[in-house]
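J.: Here is how the chains run, residue by residue.
Number of protein chains: 2
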Amino acid sequence: MSLSRYFVLTETPTGLPRQDQFTLKEAHLPDLGPGEVRVRNRWLSVDPYMRGRMSGVTTYVEPYDLDAPMEGAAVGEVVASRHAHFSEGDRVRHMAGWRDLAQLPGDDVESLPNYDVPEQAYLGVLGMPGMTAWTGLNRIAGMQPGDRVLVSAASGAVGSLVAQLAQTADCHVVGVAGGKAKCEWLRSLGVEAVDYKGKDASELSAALGAASPEGFDIYYENVGGPLLEAALANLRDHARVAICGFIDRYNATGVVSGPSNLHQLLFRKARMEGFIVLEHWAHYPTFLDEVAPRVARGDIHYRESVVEGLERTPEAFLKLFSGENEGKMLVKLS
Amino acid sequence: MSLSRYFVLTETPTGLPRQDQFTLKEAHLPDLGPGEVRVRNRWLSVDPYMRGRMSGVTTYVEPYDLDAPMEGAAVGEVVASRHAHFSEGDRVRHMAGWRDLAQLPGDDVESLPNYDVPEQAYLGVLGMPGMTAWTGLNRIAGMQPGDRVLVSAASGAVGSLVAQLAQTADCHVVGVAGGKAKCEWLRSLGVEAVDYKGKDASELSAALGAASPEGFDIYYENVGGPLLEAALANLRDHARVAICGFIDRYNATGVVSGPSNLHQLLFRKARMEGFIVLEHWAHYPTFLDEVAPRVARGDIHYRESVVEGLERTPEAFLKLFSGENEGKMLVKLS
Numbered sequence: 001m002s003l004s005r006y007f008v009l010t011e012t013p014t015g016l017p018r019q020d021q022f023t024l025k026e027a028h029l030p031d032l033g034p035g036e037v038r039v040r041n042r043w044l045s046v047d048p049y050m051r052g053r054m055s056g057v058t059t060y061v062e063p064y065d066l067d068a069p070m071e072g073a074a075v076g077e078v079v080a081s082r083h084a085h086f087s088e089g090d091r092v093r094h095m096a097g098w099r100d101l102a103q104l105p106g107d108d109v110e111s112l113p114n115y116d117v118p119e120q121a122y123l124g125v126l127g128m129p130g131m132t133a134w135t136g137l138n139r140i141a142g143m144q145p146g147d148r149v150l151v152s153a154a155s156g157a158v159g160s161l162v163a164q165l166a167q168t169a170d171c172h173v174v175g176v177a178g179g180k181a182k183c184e185w186l187r188s189l190g191v192e193a194v195d196y197k198g199k200d201a202s203e204l205s206a207a208l209g210a211a212s213p214e215g216f217d218i219y220y221e222n223v224g225g226p227l228l229e230a231a232l233a234n235l236r237d238h239a240r241v242a243i244c245g246f247i248d249r250y251n252a253t254g255v256v257s258g259p260s261n262l263h264q265l266l267f268r269k270a271r272m273e274g275f276i277v278l279e280h281w282a283h284y285p286t287f288l289d290e291v292a293p294r295v296a297r298g299d300i301h302y303r304e305s306v307v308e309g310l311e312r313t314p315e316a317f318l319k320l321f322s323g324e325n326e327g328k329m330l331v332k333l334s
Numbered sequence: 001m002s003l004s005r006y007f008v009l010t011e012t013p014t015g016l017p018r019q020d021q022f023t024l025k026e027a028h029l030p031d032l033g034p035g036e037v038r039v040r041n042r043w044l045s046v047d048p049y050m051r052g053r054m055s056g057v058t059t060y061v062e063p064y065d066l067d068a069p070m071e072g073a074a075v076g077e078v079v080a081s082r083h084a085h086f087s088e089g090d091r092v093r094h095m096a097g098w099r100d101l102a103q104l105p106g107d108d109v110e111s112l113p114n115y116d117v118p119e120q121a122y123l124g125v126l127g128m129p130g131m132t133a134w135t136g137l138n139r140i141a142g143m144q145p146g147d148r149v150l151v152s153a154a155s156g157a158v159g160s161l162v163a164q165l166a167q168t169a170d171c172h173v174v175g176v177a178g179g180k181a182k183c184e185w186l187r188s189l190g191v192e193a194v195d196y197k198g199k200d201a202s203e204l205s206a207a208l209g210a211a212s213p214e215g216f217d218i219y220y221e222n223v224g225g226p227l228l229e230a231a232l233a234n235l236r237d238h239a240r241v242a243i244c245g246f247i248d249r250y251n252a253t254g255v256v257s258g259p260s261n262l263h264q265l266l267f268r269k270a271r272m273e274g275f276i277v278l279e280h281w282a283h284y285p286t287f288l289d290e291v292a293p294r295v296a297r298g299d300i301h302y303r304e305s306v307v308e309g310l311e312r313t314p315e316a317f318l319k320l321f322s323g324e325n326e327g328k329m330l331v332k333l334s
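Heads up: the protein sequence lines correspond to chains C and F, in order. Numbering-wise, the first sequence is residues 1 to 334 according to the numbering used here. Numbering-wise, the second sequence is residues 1 to 334 according to the numbering used here.
Among the hints, erroneous ones may be present.
It does not matter which identical chain is meant; a pair holds if it fits inside one copy or across any two.
In silico DMTMM-like cross-links for lysine to aspartate or glutamate, where the CA-CA straight-line distance does not exceed 20 Å [claimed, not checked]: (1) K180 - D108; (2) K269 - E62; (3) K332 - D200; (4) K180 - E279; (5) K269 - D65; (6) K25 - D289; (7) K269 - D248.
Calculated directly from the structure, the hints in this document are not laboratory data. Just so it is clear, the structure is predicted and the values come from calculations on it, not from any experiment.
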């Protein structure tokens, strides 16, 4: 009942991390301290931003310490509590992921809201990825009805919500994804899909131009690389580029050249802005009010890639960079 | 009295324009039409943005037509008027530069304000370059008292006002310029000067870090290239980069790689925005109210590089790209 199995990072990876750089350890938890809760995790989240925490340096989040329990979003059930707000059986979300049994201050734990959605939705479409989509569109890019919106990694956990939120705001949405299956899924949602596979920056630029001849008011950036260059070439006047991530470079080992046409920001009087969703978390209730009822009604579509078993968490994490996942990548614990 | 000498561009330049691509022509002006004025130009402005108008394509301004009279800011005296607001002897500013005698609708002409400054100041520190400095700092970068401000081309017409306006707002100002003389002048204004000459991006980055160990809240960008990369490496959280120009690439003929560290925008939750001052011209009276009395009192320092004679206008223009001008480049007509 008190044995916790957890992952530690044993080495700072260069390039794409290897599975042997993650080690599963176990330890008996101490007795619950005052104000603490113990949570049996049922779902773990793996997310691209975690790669940044493995670099050994502070990027926009603190790095993981080597040989210490790793962290990440998780959903589970309270199995013991010495905190006034939580009782056994409560369903909660917290950041003590990458493990099966978590023990932490109750103040660092949130109860799951009561919408009629599967609990793991609070790690995806109604969790950090969903809030990231909403924040980038609304608080960074200042989406207006009728905007022409371009989104990269459009079939992913963040991108697919970006596309659907923009559709609801009567925007014309073009989504970029890799491969036929992902593009087909996007088209089934009514999103104009562009397959980036096999295209260089100039071919991508032409494809984006064909998909939206008048260009784009918003580019929601998850990827970087040639796609950023192609997007810059297709901006409209006063366009806004919300930079959510640059997954293209998270595992890069050499120098990655920036886009050769950054002057488009000048010519188009455009704005490019990076953000991290945690700084906007005070708006999470607004996001939830707006999006959760639509998810519960089935009006918003989302997909999950589920890997089963704690020991496969590193494998799930690495799939984020192979392009083989569809939608939100999750680890299900038994 | 009606002979106008004017420059035309005879060829679309590739790379740095050549003097033989500009031709001086002359023509007798027709009689004044209703509402028109005739202006004897006394000062012509040459500005880096004009290079963009020579490219044959629309960037953020319309291109110059080949073999048609070129345009640019000019200050002169009305010598004939059929417009109710203007009389002979009025001192005016307008956009029919690159010529000695201009004839144009009075509606396209402004009277010079009555501050106690030399008339050519309305082409520099109190003209488009000055307004550009003020707009980028205040309306794009949202300057706040105490900000750490970095400015490139800091001894130039725009940069030197950026530096002094930021100083007035109690900002710590670091200015980058090329060569000892320019840096000495900046230091005489109390600006911390960094000489970019002989430094690559990494050395520049180290020099900027030494000049402001806590980084920069604002980067006022006139240049591009390795300096942009060095500046990105030294941004503080929530920094704002105002892109006024990328003079580094105006004459580039090949592909110019962008900064290799654009992800700093993400890590620092920073914003980069291009702008063109014309879109902000409604605020020119506010700028003038704030800055002109200080220029008249001698509290703001500015420099001019003056070339004499209409026929030397192309030469003056080309000096903008050689780095040999100091402050605002002007052509004085006799």
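J.: Against this structure, judge whether each hint is valid.
T.: Tested hints:
{"no.": "1", "hint": "K180 - D108", "in the structure": "neither (42 Å within a copy, 56 Å between copies)"}
{"no.": "2", "hint": "K269 - E62", "in the structure": "between (34 Å within a copy, 15 Å between copies)"}
{"no.": "3", "hint": "K332 - D200", "in the structure": "neither (37 Å within a copy, 50 Å between copies)"}
{"no.": "4", "hint": "K180 - E279", "in the structure": "neither (36 Å within a copy, 43 Å between copies)"}
{"no.": "5", "hint": "K269 - D65", "in the structure": "neither (42 Å within a copy, 23 Å between copies)"}
{"no.": "6", "hint": "K25 - D289", "in the structure": "neither (39 Å within a copy, 68 Å between copies)"}
{"no.": "7", "hint": "K269 - D248", "in the structure": "between (26 Å within a copy, 18 Å between copies)"}
Against the hints set out earlier in the document, violations occur for numbers 1, 3, 4, 5 and 6.
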